[in-house]
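Peer 1: Residue numbers (our numbering), protein chains in the order written: chain A, 1 to 402; chain B, 403 to 804.
Honestly, I wouldn't trust all of these hints.
Computed far set for chain A versus chain B, every beta-carbon distance over 10 Å [said to hold, decoys possible]: (1) M31; (2) G65; (3) G119; (4) R166; (5) D178; (6) A215; (7) Q388.
According to the in silico footprint, chain A covers these stretches of chain B (three or more CB under 8 Å from chain A) [what the hints assert, rightly or not]: (8) 496 to 507; (9) 775 to 784.
Keep in mind that the hints were calculated from the coordinates and are not lab data. Cβ coordinates follow ideal geometry from the N, Cα and C atoms, glycine included.
There are 2 protein chains.
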Amino acid sequence: MTNFDLMKELHVAGQSKIVMLVIDGLGGLPMESGGPTELEAARTPNLDALAAESICGLSAPISPGVTPGSGPAHLALFGYDPLRYEIGRGVLEACGIGFPLGPSDVAARGNFCTVDENGLVADRRAGRIPTEKAAELCQMLRAIQLPGVETFVEPVRDYRFVLVLRGEGLSGGLTETDPQQLGVPPRSVEALVPEAQRTAELFNQWIARTRELLADQHPANMVLLRGPDKTPQLPSMAEVYGLRAAAIATYPMYRGVATLVGMDILETGETLEEEVETLKTHWAEYDFFFFHVKKTDSAGEDGDFALKAAVIEHVDEAVVPAITSLQPDVLVVTGDHSTPALLKSHSWHPVPTLLHSRYCRPDEVRAFGERACMRGGLGVFPATDLMQLAMANALRLTKFGA
Amino acid sequence: MTNFDLMKELHVAGQSKIVMLVIDGLGGLPMESGGPTELEAARTPNLDALAAESICGLSAPISPGVTPGSGPAHLALFGYDPLRYEIGRGVLEACGIGFPLGPSDVAARGNFCTVDENGLVADRRAGRIPTEKAAELCQMLRAIQLPGVETFVEPVRDYRFVLVLRGEGLSGGLTETDPQQLGVPPRSVEALVPEAQRTAELFNQWIARTRELLADQHPANMVLLRGPDKTPQLPSMAEVYGLRAAAIATYPMYRGVATLVGMDILETGETLEEEVETLKTHWAEYDFFFFHVKKTDSAGEDGDFALKAAVIEHVDEAVVPAITSLQPDVLVVTGDHSTPALLKSHSWHPVPTLLHSRYCRPDEVRAFGERACMRGGLGVFPATDLMQLAMANALRLTKFGA
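Bound conformation, chain A alone (with noise of 0.2 Å):
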């Protein structure tokens, strides 16, 4: 019997409402020995308190020193084992924007980026250039025709964009372009199975036409193709664990996350008081609320600590009072990763977490922050047991056997 057996046939009806905050990257490292993270540097009086009355503890993604990707970050997060579903990244990027991917069409992830004249990788994004001018490419691109298969080229933001195949016989199993380096030249897409052929060789077609039309669009003269795959099918929340769930997220791929596992994404705005007012506009309608922090790990992934901490302070302002005034039943506070200043990348570093109800057993703990969460009364835990542990503190689990 898998958890999800065990959550399908335990989970009961009720009022109780969970949220789960979710400040992305939230983990993090000292930048010089002895030093504080970025939590830990932070000024948090309302997470503070919050930990205070909460169970605590460290949240581990995936597998020990394992780095996630955001995909199966939040999968976990939502209970989902990320290393059973396993989902690409054009898939996440075209849900959140809402492309309608049918069950046979190949998304992949796009970047704009920079080849210099020996067409070698100069830039993995094009110096960032602006979503408008992204789109405007986006619209050129349109025009390569493909043998037998329909293509889409959709903005996402900044420098990223999804390319959809739509057709007969198309296969998932296939390698992606980005190099992962500068100085060597964009890889080709490969087929990782023999019914992936063809769409490898679509793919490599699109982007050799792709090379020829960008050629006078220096800084964005060329593109790499991420994690290109068919939709996986997931349960849903609502089958898994009996819950009416909304996303609210200003950022693609984390509603693409949420729509995946069946939440509805709620239209929000780009501040975290924007993204305040929708819980609220929606409190009555839903059980269970993923509100996503974005600038935490985005800060981390800049090396920028005193932004990383600066962020963390505005979430504990705007946002975790707000919250709280609401009176959920339950509410985990978390990451889906570690992204620290100091490596200026995700990381493999278990994250801070705290979980409140009137029913969650609190430790010792008196502070948020990674040395204090090393102490809660979770310990170490697998990141896919806080739905779990979210549903039983909301009193929505019945009893297992007699």
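Given the coordinates of chain A, work out where chain B should sit on it, guided by the hints.
Peer 2: Leaving out everything else, chain B in the frame of chain A:
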């Protein structure tokens, strides 16, 4: 290789003795924010002294957030994966009263209950009629004849009884009739698998006749059936661990689980002092004793924080020193699950646990309580690990591999 394969391969003979003291529903919660749990509130000098010389932790019965029934929770303590070995409530009760269940018998747990003039359940326990009254009613119900099968109706305790159907071609895979709420009619028994169709019909015929026979017996004017099923085949503790194991328990259901894993059931009295006497009397005859304390759980279910703490104090005074004076090689003190008075029910919270032996590598825990055990050397661990640890500390496991 499963853990049971490992245990079967590695266990060796020995003279050492293991006692597992199970304080039912031991774990608790504070009644108000910042307050103590039942165990923390209780004065327990003997358990505290033992904890100081033990390795401590919190035992997790099934899966995070999942509240166990007593059957699966005890199986886990004995090392049996409760998600693999599922046991119906009827089988547990039948074993508990020493009814000799055959492999093709189907047993259901029965409750006498009260229905109103419209046939809706008004009291799921018939005002908790006494055992003597239930015995009288069971005698009456033995008159019911069913085509092709023999029936047995055996009183258990208070309002509870066991109904066993014996005959060819009976099957488990049946629903129960207890609606678990008031103001609705009892359900019918339904077949969950096609081969259980006839068995379901037989149960429903029996229930229809019961309704007629009990019509004038208000408040016990109807019955509810729970957990009808056959006996699962479990490997015995002798096979798995090479232990001669005995159970000292006053309540039928716990004797039932013990029987299923092959323990001898020792005759004992109703009080803790009588249970202690039983332990002393049989000390020489067994390697492993399961010593069960029931009243902590009942007090928790009644929401009686003070009574639950008082029962714990009684255990500390009357049971713990008596056991330690016998000098068992390994003493485990734990509970099968938590039953916080705050929730008036079993709960998902992990259970304070200590393991004492000459070889246990003590941690820094100095008191036996929820928050103290959180910091223990065992951390939060699966309940199914306990027997392996007890076996190791009893020096009854040989090395794995060369």
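Peer 1: Evaluate each hint against the coordinates.
Peer 2: Each hint, compared with the structure:
no.: 1; hint: M31; verdict: holds, 29 Å
no.: 2; hint: G65; verdict: holds, 19 Å
no.: 3; hint: G119; verdict: holds, 51 Å
no.: 4; hint: R166; verdict: holds, 41 Å
no.: 5; hint: D178; verdict: holds, 37 Å
no.: 6; hint: A215; verdict: holds, 55 Å
no.: 7; hint: Q388; verdict: violated, 4 Å
no.: 8; hint: 496 to 507; verdict: violated (count 0)
no.: 9; hint: 775 to 784; verdict: holds (count 4)
Comparing the model with each earlier hint shows violations of hints 7, 8; every other hint is respected.
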